[in-house]
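Numbering (my numbering) for the sequence shown: 3 to 88.
These are computed hints drawn from the structure, not numbers from a lab.
Treat each hint with caution, since some may be false.
To be verified - Straight-line C-alpha distance at most 20 Å; calculated SDA-like pairs for lysine to any residue: (1) K65 / I76; (2) K54 / C66; (3) K55 / H45; (4) K33 / E51; (5) K65 / P75; (6) K33 / I49; (7) K55 / K65; (8) K55 / A71; (9) K35 / N46; (10) K60 / I49; (11) K39 / L21; (12) K60 / P75; (13) K81 / K65.
Model, not experiment: these values are computed from the prediction.
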Amino acid sequence: MADPLTIAASVVGITVPALHGTKLLLDDLEKLKYAPKLYSSVHNSHIAEEIKKTISTKQAEVKCAIATADKQPIVLEYKMEDMDHL
Numbered sequence: 003m004a005d006p007l008t009i010a011a012s013v014v015g016i017t018v019p020a021l022h023g024t025k026l027l028l029d030d031l032e033k034l035k036y037a038p039k040l041y042s043s044v045h046n047s048h049i050a051e052e053i054k055k056t057i058s059t060k061q062a063e064v065k066c067a068i069a070t071a072d073k074q075p076i077v078l079e080y081k082m083e084d085m086d087h088l
């Protein structure tokens, strides 16, 4: 017959790693449960970055248009002066 202490030690030696593996698996499954929210958050963050880029580009275009419009009266003044000298 096998010694009861040896049998108990063998059972514990098998059970403890199995329980530890089960806990790790449950932790991973818990993380997967929140994966859609994480994906949505990352996706929304990506969309927000694209919107920021578009706004920045449009702001640069508007600033350029304003600078061009600010120069127009000066150009018109020069043209009017040229016409007056004719």
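Hints, verified against the model:
no.	hint	in the structure
1	K65 / I76	holds (18 Å)
2	K54 / C66	holds (18 Å)
3	K55 / H45	holds (16 Å)
4	K33 / E51	violated (26 Å)
5	K65 / P75	holds (17 Å)
6	K33 / I49	violated (24 Å)
7	K55 / K65	holds (15 Å)
8	K55 / A71	violated (24 Å)
9	K35 / N46	holds (19 Å)
10	K60 / I49	holds (17 Å)
11	K39 / L21	violated (29 Å)
12	K60 / P75	violated (24 Å)
13	K81 / K65	violated (25 Å)
Checked against the numbered hints above, the structure violates hints 4, 6, 8, 11, 12, 13; every other hint is satisfied.
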